[in-house]
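Colleague: This is what each chain is made of:
4 protein chains.
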Amino acid sequence: MKHRMKVRVIYGDTDKAGVVYYANYLRYFEMGRTELLRELGLTYRELEDKDGVILAVVEANLRYHASAHYDDLLVIETTLEKFDKISLTFKTLIFRKGEDKPLVEGTCRLAGVNSAGKLAKLPKKLTQVINDSLAPI
Amino acid sequence: MKHRMKVRVIYGDTDKAGVVYYANYLRYFEMGRTELLRELGLTYRELEDKDGVILAVVEANLRYHASAHYDDLLVIETTLEKFDKISLTFKTLIFRKGEDKPLVEGTCRLAGVNSAGKLAKLPKKLTQVINDSLAPI
Amino acid sequence: MKHRMKVRVIYGDTDKAGVVYYANYLRYFEMGRTELLRELGLTYRELEDKDGVILAVVEANLRYHASAHYDDLLVIETTLEKFDKISLTFKTLIFRKGEDKPLVEGTCRLAGVNSAGKLAKLPKKLTQVINDSLAPI
Amino acid sequence: MKHRMKVRVIYGDTDKAGVVYYANYLRYFEMGRTELLRELGLTYRELEDKDGVILAVVEANLRYHASAHYDDLLVIETTLEKFDKISLTFKTLIFRKGEDKPLVEGTCRLAGVNSAGKLAKLPKKLTQVINDSLAPI
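Protein chains in written order, with the working numbering: chain Z, 984 to 1120; chain X, 984 to 1120; chain P, 984 to 1120; chain W, 984 to 1120.
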């Protein structure tokens, strides 16, 4: 249950230091966890549109070890670190392609929020899909 | 009916060339026209929440004459260039504070869109406010 | 000399209207022209690092016909519309995948700028590569 | 040594949930700490241009308690939580104006990095200014 995808650093991601602006890694984190869920057969869009549940980020923690530069091809590696009935915690590592030390690593905890803006249990569909992915074959 | 406001360039606005990323001027354009309307006594938020009309950008044109740098204090100067029953065209000039040649200039045409996503006449409240602002005293 | 690439709309690209924020299409435009040049065998990075020339956007024009939504898979179609010794004009169309009417279309004119910030002729390497790509086989 | 400034939420800061996109709070954090330093008589720009030291973010931690909405007027409250010879840790609280519970809170640790990209001691000018601000009158 480890998802990997690639992304190319554009001018619009960088700042005057010539490296990816520190906030923009959270965009990569979003890309990674969205695609991990899609690979499991689920989309955020569907959760929101059909199940009326938004997954809101309630906590994010980032460690910046080294900088990603303009035009670098990055690898976003996402794993589901833990989950319970109300939240999911994703761990994300950002590598420069071909390297084995992450440039940046971080975690994001997401909680279910219903249309009234209140915390809500995660939809069954989601926890089911996750449990299935963890089950021995 | 000329609105001026200031904004400071942050790291997050710049790119690796050390200047404001070309897309981010459209953020400044948005700030300017929003505050111009607020000065006339109207907010986008109210138009959307109470009148159910979104003002969607249908056209944007930008000329980049010179670059705004990190930590520059910029002046956003916005005027309503023209309007009719279905659209408004704002003209925006971006200056470095204290200078008289604009770094960037552009226009944005916005049209009314209703909650079904269809073009709609601009709300009366909006055209009224604009007409009032143009009226001789 | 038409380049096509795909990009997925993330939360970070959208705004409260649930659609891609109007400035962010310029990010897609950048992605498209960068990859078009890469396909021709050239990278911006190399132009900047080896030839000391930056390609600065001097003009951008956008027409927004319809909105791209969250999680849409978009196609960025880029062509080099014209070029001379000092500038390149790219035309970009943004489609929702599988559709044949563009959501957004626009042009960006880029000019060569040297390290002193002055307009400069485009590097020979660049004009050569473009001429080669246009030549009959 | 507590700095407060206001910022208005624009469309470009929000996402399809109608609230500020989670990455964009890090832009507010940057605004806050930059202005705190300016109030102490120092600018990042000067540190970089004159002293050749960049302050790079090496760690960021955010807790999202509630959402900031479009057009909200926010208060960014920044304090210097701790510092030593090589790093500064800023604490930032984001409030909706007039409220006393923060919507978001977080910390960012910044370290000095020299032009070769290596960790470096913070410039004396910076530590001096900070010490002065802490001294009893």
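FYI, nobody ran anything at the bench for these hints, they're computed from the structure. Any given hint could be a false lead.
One copy or any two copies: either way a pair holds, since identical chains are not told apart in the list.
Stated by the list, open to error - Using 20 angstroms as the maximum straight-line C-alpha spacing, the simulated DMTMM-like pairs for lysine to aspartate or glutamate come out as follows:
no. : residue 1 : residue 2
1   : 1080      : 1029
2   : 1084      : 1042
3   : 989       : 1018
4   : 1107      : 1064
5   : 989       : 1022
6   : 1074      : 1042
As the structure is a computational prediction, the values presented were derived from the model and not from experiment.
Colleague: Run every hint past the structure and note whether it holds.
Modeller: Okay, the hints, checked on the actual structure:
Taking the shortest Cα distances, residue 1080 and residue 1029 sit within 20 angstroms of each other only across copies (18 angstroms), while inside one copy they are farther apart (31 angstroms). Taking identical chains as interchangeable, the C-alpha atoms of residue 1084 and residue 1042 lie at most 20 angstroms apart only when they sit on different chains, with a minimum of 17 angstroms there against 24 angstroms within one chain. Proximity of residue 989 and residue 1018 under a CA criterion of 20 angstroms is satisfied in both settings, with 11 angstroms inside one chain copy and 15 angstroms between copies. Taking the closest pair of Cα atoms, residue 1107 and residue 1064 come within 20 angstroms of each other only inside a single copy of the chain (19 angstroms); across copies the shortest separation is 42 angstroms, beyond that limit.
For the identical chains of this complex, residue 989 and residue 1022 are neighbours both inside a copy (15 angstroms) and across copies (18 angstroms), given an alpha-carbon limit of 20 angstroms. When the C-alpha separation of residue 1074 and residue 1042 is checked against a cutoff of 20 angstroms, the pair qualifies both within a copy, at 12 angstroms, and between copies, at 15 angstroms.
In summary, the structure agrees with every hint in the numbered list given earlier.
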